[in-house]
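Chains as they are written, first to last, in this note's numbering: chain A, -16 to 78; chain B, 1228 to 1684.
Read the hints as simulated data drawn from the structure, not as lab findings. Idealized CB from N, CA, C, for every residue including glycine. Heads up, none of these hints are tricks.
Listed next, with one range per pair, are the computed distances between beta-carbon atoms: (1) A:L54 - B:K1469: 35 to 45 angstroms; (2) B:K1593 - A:F66: 21 to 31 angstroms; (3) A:E60 - B:D1496: 41 to 51 angstroms; (4) B:K1570 - A:T67: 15 to 25 angstroms; (5) A:R50 - B:K1284: 52 to 62 angstroms.
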Amino acid sequence: MSKQPSRREILSAASVGIAAAAIPGIASARTRQETTVTAMEKEFAKPLSDEAKKLLAESLKGIETARKDRLKTKLPENTEPCFTYIPSTREVRAR
Amino acid sequence: MSVGPFSSIREMARALSSRQVSSVELTQMYLARLKTIAHEHHAVAELTQSLALEQAKAADASVAKSILHGIPFGVKDLLATKGIPTRWGSPGHADQVFDHNATVVQRLEDAGAVLLAKLEMIELAGGGNYNVANASRMGPCLSAWDKSLWAGGSSSGSGASTALGCVGFSIGSETSGSIVCPSAFNGCTGFRPTYGRVSRYGAMALCWTLDKLGPICRSADDCGLVLEAIAGPDPHDGSTLKEKLSLRSRGPKPRIGLLKEKFKESKADDCEKAYHSFLDVLRKQGYETVEVAYPDLPYGAAIDLIVNAEGASAHENFIRGPRFQMLQDINQVAGFAAALEVKAVDYLWAMRLRSEALRANAVWDKCDCIFTPSFYHRAIPIDQPFDKTWVNMGGDEGPSNLLGWPALAFPIGFEKGAPIGGQIIAPALREDICLRVAKDFQRGSGFHLLHPAEASA
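Make the full structure from the sequences, and use the hints.
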């Protein structure tokens, strides 16, 4: 999945970020999410409505918060996820 | 006709085998109710009238293949049905038709049951964090008991139709709460089996590692009969378990584990009363209880991450396609799109936490099953977003869905005229314990026999 922001988006975000420096934290975080929304929208078949963009930015913030929260639970070293790959001679796994 | 819309499966089977009623008569009765009562509750996605009448005639003309022979049922519209639209509750999938039956549908057909209808559901099983009851192609599905309340999700139509006596039984699905919730909000008895017990072949995938299919019925006994018909290994679904299902629980009464509940903080007086009444009924039958606790781990956070990552992957073509914004609830557009941004390392953390959560199996050293309210309150209203109304609801915040444990949900009382539910959770593969306890409770109480006045008239 390609979701790298373009140079223009990075520069645009940086200039907004400078302007928003008076409101540290929240302002720069919103800018990052808005940049991601703009980049994501280009990968969709149709542009998002303004309302959808606003809610998407909020949802992205939620995902960032979840990421920070999960780091509070340190998992023991060298543990495995709950699935393992099972080798098979079949061409496609059944579904 | 000797049986009615709320008859149990055994009652209908007896009436069918003694020719007191025909499958065609039962089918016509339920079709008429689906067209009126269930339709008014926005519970029907697609009637399968001609197929149903054809199957019913065939059932009447043949020797019974099982106890479900000739009994009409409905399925959540996330199950593929050959040649019949399967829309997953989503306006963007309105023209979707599969050329095969889901294994569950096929097994019920093989058992001689009669498919009446595809039942409405929350679009794409709500994987994008829906925030309104209207997140469904047919509009908000209304509780069987009060049309101003929501029927719950995501197996909304299965819960409402069953409680309204519009089907003999139904099939729902659960990733995290979607059988338990509509069972609670409509006063049904719903059985979420162990993960892998029932084939998911032909079911819409939301979350390959969490999705389960199970019956929603009007009693625990009915749930057991339906589960026996649909469970078992399936070469089409590599996650199905080889272990044989046995619902005969013998030996001493299972010991019931009780979690620390938050009735006072949640202002759940009616639920607290119902909870203690439930325990009184079972203690009178010789059941013992013990306090238990799960290891303190972020089970809910892990489930959210898994649903986001797997749901976004399962529906990525749709999310990136031209019909994505046809989703009824704009919150789902935002939620599914944002889920594309979940990192692999986040998902793998959740799947490693899932391994760590296996420690919670230690709870079974102290008890054989756990009883907890499905929610602390009755169904929420349909006219406001959930972030305004889903307050003090509680619910299972433990590892049961993450670890694929079975749960049987059933009505235990009422709050302001609408049902409230409880659930028995058991160790993996021990559906027999859930069933035994719930059947004992239903023998000693009558909540599952109460039906909405509107549907009983």
